[in-house]
Structure formats: structure tokens, C-alpha cells
Amino acid sequence: MIKLLKCEYMKTRRRYVLLTALVVTAALLTWTLHGNYGEDFLKIAWMGFLYQMPLINAIFLSLLSIIVSSRISDIEHKGVMLKQFAAVAERGKIYDAKFIYGFAIVLLCTLISWVGLIVGGYCKGFGGDVPIKLYLLYLLFTITPTLAVYIFQHTMSLCFKNQAVTFFTGIIGTFCGVFSMFPQQFPWLRRIFIWGYYGTLQFVGLFDWTKEDKYKSAHFDVIGIDWTFFGVLLAICVVMYIIGRMIFKRKEL
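Note that the working numbering has the sequence shown beginning at 114, numbered continuously upward.
Simulated from the structure, these hints should not be mistaken for laboratory data.
Note that this is a predicted model, so its numbers are computed, not measured.
Ideal placement from N, C-alpha and C gives every residue a C-beta, glycine not left out.
Possibly wrong hints are sitting among the right ones.
[As the list claims (entries may be wrong)] Restricting the straight-line Cα-Cα distance to at most 20 Å, the calculated cross-link-like pairs of lysine to aspartate or glutamate (EDC-like) are:
hint : residue 1 : residue 2
1    : K196      : D209
2    : K274      : D334
3    : K119      : E203
4    : K362      : D334
5    : K116      : D209
6    : K274      : E152
7    : K362      : D153
8    : K196      : E365
9    : K116      : D242
10   : K329      : D153
11   : K364      : D209
12   : K246      : D334
13   : K191      : E365
14   : K206      : E365
15   : K237      : E152
16   : K364      : E152
17   : K364      : D187
18   : K362      : D209
19   : K119      : D209
20   : K237      : E365
21   : K124      : D209
22   : K274      : D339
23   : K156      : D209
24   : K124      : E203
25   : K156      : D334
26   : K329      : E152
[To be verified] Label pairs and their calculated CB-CB ranges:
hint : residue 1 : residue 2 : range
27   : A139      : K206      : 21 to 27 Å
28   : E203      : F292      : 24 to 30 Å
29   : Y235      : E365      : 39 to 45 Å
30   : L220      : P300      : 25 to 31 Å
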């Protein structure tokens with residue numbers, strides 16, 4: 114496995130996969146932290162970010178998963194390299210090596226965005242201390258949906274030579290996931306799509322916000338943690354991984 118991972122690095126080091134992923138991460142942080150915040154929001158901003166970030170992550174981390182998985186797999190589809198690669202290594206190990214290498218990049222960028230969020234909050238002058246336990250929980254609930262999305266995109270990228278199929282499927286899934294977060298009266302919508310689980314695992318709500326006063330009287334509170342669907346999502350990850358690996362092993366190259 115170590116040799117296969119080293120091989121992945123050697124093949125992709127001139128394709129700037131990590132650099133591209135870091136650019137997407139920088140865009141995520143810029144989108145999140147740009148602008149000036151009012152005094153009313155600064156007082157509650159640590160909790161406010163926990164409320165806002167699931168929607169932002171559903172867009173940017175899904176896009177990151179699409180880009181990384183596609184860039185890593187695309188090189189194999191050119192020149193029938195995947196068939197040649199399968200002649201010297203077992204297909205299941207190829208699937209695993211590419212998955213580990215690709216998700217490691219996505220995980221690194223997720224951790225960078227998490228640290229950047231906290232550092233940016235201090236630089237912006239957020240009031241009070243960072244609720245580190247809630248932010249660690251937020252990190253867990255960010256990594257898990259990202260893992261599910263990446264497994265899906267990884268399998269798609271390996272099974273389709275035309276990466277446009279992978280790209281548009283991922284974009285449609287992202288759109289459905291983001292849309293599912295808006296109708297608050299239909300929570301089951303976000304549980305249908307793996308991209309919607311960023312919202313399913315959201316555990317901070319906004320209360321008493323009005324158009325006139327905005328954040329003057331508003332407050333954010335923990336609304337409960339959906340551990341049941343966290344377990345469901347973990348099960349989905351395992352099932353998608355097993356099925357994806359099986360499909361790739363049986364696929365005609």
C-alpha cells in the first residue's frame with residue numbers, strides 16, 4: 114500500500130492537486146471571513162459561525178471533493194493507464210490507495226479551514242472565548258459528510274472516463290443538498306441526499322432575529338444533536354465504500 118501511495122504522489126505532483134485544493138480552501142475562508150461585522154453580531158459570532166458554516170461547507174467542500182477525485186483519476190483514464198496499472202496491482206488496492214491519497218488532501222484542507230475559521234474569528238474580534246468543544250463537534254460533523262461525498266465522487270471518477278459526467282453529477286448533488294437546507298419545515302429533505310447531511314448534522318439554531326433589529330435581539334443556541342442520523346451517515350459511508358470498491362473491481366477497463 115505504501116508503494117501505491119508513493120506512486121500516486123509521483124503521478125500527481127506535477128498536476129498541482131494539492132495546490133488546487135488549497136486555492137479552494139482559501140476561497141472558502143475568504144467567502145466566510147470577508148466583510149465587516151456589526152457589533153451586535155461580533156458578540157455572538159462564535160455561535161453564529163457554527164450556524165452558517167454547514168451551508169458554506171456543503172458548497173465548497175463538495176466542490177473540493179469533485180476536483181480532487183477527478184484530478185487524481187483523470188490521469189489514469191488517459192492513455193489506458195488504468196488498465197496497465199491493474200495489470201501490476203490488485204484493483205481493490207488501487208481503489209484504496211487512490212481513495213486514501215485523495216481523501217487525505219481533502220481532510221487536510223478541511224482541517225486548515227477549521228483552524229483558519231478560529232484564527233479568523235480572533236482576528237475579527239469575536240466576543241468571548243471560542244467554544245472549543247462545540248467547534249470540535251462541528252469539525253466531526255464536517256468531516257463525516259465530506260467523507261460520504263468523497264467516497265461517491267471517488268467511485269464516479271474511477272468508473273467514468275469522461276470526467277464531465279462526474280463533475281455534473283457532483284454539481285447536481287451539491288445543488289440538491291444545498292436546496293434541501295432551506296425548507297426548515299421539511300427536515301427529511303436533507304436526509305435524502307448525502308450532500309444535505311451538512312445541514313442534517315447542524316446543531317446550532319438562530320432565534321429572535323428580525324428584519325428590523327437583525328442581530329440586536331438575536332441569539333444562537335444548541336438545538337440538539339442528531340446522533341441517529343450521524344450513525345446512519347457512517348453506515349452510508351461504509352456501504353458506499355464497499356459497493357464502490359466492488360463496482361470498480363468488476364468494471365471492464
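Here is what the structure says about each hint:
1. K196 <-> D209: Roughly 16 Å separates the two Cα atoms, so the pair holds.
2. K274 <-> D334: Answer violated: K274 to D334 is near 46 Å, above 20 Å.
3. K119 <-> E203: Distance ~16 Å between K119 and E203 Cα, so the pair holds.
4. K362 <-> D334: violated, 47 Å
5. K116 <-> D209: holds, 12 Å
6. K274 <-> E152: Cα-Cα ~52 Å, so violated.
7. K362 <-> D153: Given that 20 Å is the threshold and the Cα spacing comes to 56 Å, the pair is violated.
8. K196 <-> E365: With a Cα-Cα distance of about 9 Å, the restraint between K196 and E365 holds, given a limit of 20 Å.
9. K116 <-> D242: violated, 45 Å
10. K329 <-> D153: holds, 5 Å
11. K364 <-> D209: holds, 15 Å
12. K246 <-> D334: Answer holds: K246 to D334 is near 14 Å, not above 20 Å.
13. K191 <-> E365: Given pair K191, E365 holds - Cα atoms ~15 Å apart, limit 20 Å.
14. K206 <-> E365: holds, 16 Å
15. K237 <-> E152: It holds: about 11 Å lies between the C-alpha atoms, which stays within 20 Å.
16. K364 <-> E152: violated, 57 Å
17. K364 <-> D187: Holds - the C-alpha atoms of D187 and K364 are around 16 Å apart, at most 20 Å.
18. K362 <-> D209: holds, 11 Å
19. K119 <-> D209: holds, 13 Å
20. K237 <-> E365: Violated: K237 and E365 sit about 54 Å apart, past 20 Å.
21. K124 <-> D209: Answer holds: K124 to D209 is near 16 Å, not above 20 Å.
22. K274 <-> D339: Violated - the C-alpha atoms of D339 and K274 are around 38 Å apart, more than 20 Å.
23. K156 <-> D209: Violated, at roughly 45 Å.
24. K124 <-> E203: holds, 18 Å
25. K156 <-> D334: Roughly 14 Å separates the two Cα atoms, so the pair holds.
26. K329 <-> E152: Roughly 9 Å separates the two Cα atoms, so the pair holds.
27. A139 <-> K206: 21 to 27 Å: Cβ of A139 to Cβ of K206: about 33 Å, so the range 21 to 27 Å is violated.
28. E203 <-> F292: 24 to 30 Å: With Cβ atoms ~40 Å apart, the hint is violated.
29. Y235 <-> E365: 39 to 45 Å: For Y235 and E365 the Cβ distance comes to about 54 Å; the hint is violated.
30. L220 <-> P300: 25 to 31 Å: holds, 28 Å
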